[in-house]
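Engineer: Starting from the structure of chain A, add chain B where the hints point.
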Amino acid sequence: MMDLLPLIVAKYNYWLYVILMMIGLYAMIAKNNLIKKLVGMNIFQTAIILFYVSIGYKRDATIPIIQNAHGGHDAHAAVIHAADYINPLPHVLMLTAIVVSVATFGVAMALAVRVYQRYQTLEEDELRMRLVDIGPEK
Amino acid sequence: MNNYPALIVVAPLLAALFAGLAAWIEERLSYPIALVGLAVSMFSAFKVLMQVIDSGAIQYRMAGWAPPMGIEYRIDLLNAMVLLLVSGIAFLNLIASYKSVDQEINDRAGSFYTIYLLFVTGLLGVTATGDLFNLYVLIEITSLTSYAMVALGDRDRGPLASLNYVFIGVIGASFYLLGVGYLYMQTGSLNMADVANILSGIHGSSTVLVAFILCMIGIWIKMALFPLHVWLPNAYSYSPVAFARIVAPLMTKVMVYVMIRMMITVFGREYIFETLNLADAVVWLATIAIIAGAAMAISQKNLKKMLTYIIVCEIGYMVGGAWMGNQLGMTGAILHILNDALMTFALFLAVGNMVYKLKTVDLIDLKGLFGKMPWTMTGFVLAAFSIIGVPPTCGFFSKWYLILGAFEAGAYHFAAALVISSLLCAVLFFKIFEISFFEPMSKGHGESHASVAIEEAPVSMLVVSGLVSLSLIIAGLYSGTIVNTIILPFLK
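Quick note, the sequences are listed as chains A and B, same order.
Letter by letter, the first sequence follows residues 159 to 296 in my numbering.
Letter by letter, the second sequence follows residues 7 to 498 in my numbering.
No wet-lab data here; the hints were simulated from the structure.
C-beta atoms are modelled at their ideal positions from N, C-alpha and C, and glycine is treated no differently.
The reader is advised that the hints may include incorrect statements.
Said to hold, decoys possible - Partial pick of chain A residues on the chain B-facing surface, computed with a CB cut under 7 Å:
id	residue
1	MET199
2	ILE213
3	VAL265
4	VAL273
To be verified - Simulated coverage check for chain A against chain B, where a stretch passes if three residues somewhere in it have a Cβ under 8 Å from a Cβ of chain B:
id	segment
5	185-195
6	201-211
7	282-292
Just chain A, same shape as in the assembly (with noise of 0.2 Å):
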């Protein structure tokens, strides 16, 4: 116990993000309404999002803009470390990330609007006794 409260502590970001992506996944897989279900979705996505961001991060580092990149005072200026600068490549994938996310979730939105159209309910059971209902499948 003493050996793992050091170790949650130095790997806080990832123990945040996987206990963000349990919850969602238990939406998911345990919740009878489909919105309820689509909000679980979208906690378990941005889960990975968070912990691609977090991945980026350096201490005592700087936003990726280059410091007196236009010929500042001093000569050694030109001089660049990369530890002085987060790492901006994971953070701009998950700009695609973001857009696939919010694309995803526009039709799984849409998806289910259509299914409220057509059997006035969102709640799971009672859509399995509709579908019960309409008979033998086409």
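Structural biologist: Then chain B, alone, in the frame of chain A:
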């Protein structure tokens, strides 16, 4: 340097844009645009394949940025073959689709062709790309378009089936993305070749192990490996038949390609088969998938549903072959990507013809179908023989390689599963033949049994169906050539 590799993917993408715009003006314009886009794509894929066979792998830099910074399309023998397969099937299916789209979803033909083109763009991009993150984005393009397509189909069940597909699809893609994140943490690169170089020095790392497992789980969900298959049967059988005909042969096969690409190019066979001790477990999983898929197929009463379970079974063949850990098994798996895509396509073309005439394809609807639709049924019989694995058809040869591979690896349970599932498929298809050949047409049609009028599907659908069914025999006869010029040089 020519631009054919980019053109394969860009042509359908641009065509999708124009088809979507044209549908606003006049719905009928989008079909010829789609046809031109896919024809250009197929021609480019053919050119690329010839070029790769002649002079080896092509590296195409998107917009001229050098890898590992830029995104690279790396086309070797394996994906050149899959690219031609995907673009060819997409093009042929588009020809057959004109009539069935007209019948099934004529009020939304413009959107159908636009989404169709985007779906094909996604599949081709997944196959061509050499960048791990780009692969994720393209997988999501493919999935998003197929969610929309499934919802276009059966208006009662389609949206709900599609929504369940969204939930599982998102979990699959997210696992893959997470795996790529761990790979990036360890290697600092997203280019497949670059990552492979860096990984070869750090095989013991547990980060790499986590990355590998997450990527594989994500890909397995997307390819519907048993027990992660539950989304597939509903999604495929409720989608419009013109889409079911392309998603069933291609989607899962392209995901198998992605798995093989990750295994061979990114992680490397030494890592998977020497450092990790997972191969036996995965072959067992594949064995169970084969048996379970065949058993579930045999208990279905609807032809479309039955065929979707056969896909689950075939996925087991390919996964098992790829994880066998020897040359023969891998050859069988790659050859089966080609053969299974062709034979599933042939089966679904025949089913598409039946749906066009009969509307529903429960097994009892098929009575007397040999008399009514002789040409369709001929195509169906050829495709069924190929699935069972009757010698002159291509299905036999890939199964042969898989069984040889299983014996070499000592995986007798896998070989037994192959044989059992072939027998189960034989039982299942002969049941269909019996119903459609011997049982008379149901009374409802009010005609005398002696003179059943031939009522075939439209010529465009029949021609495509016939061509693809013949290609099963041709691919079977030339499988030696395919193995020697494409697969063995690739595996070397």
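Engineer: Quick one: which hint numbers does this structure break? Sort them smallest to largest.
Structural biologist: Going through the list in order, the structure violates no hint and respects every one.
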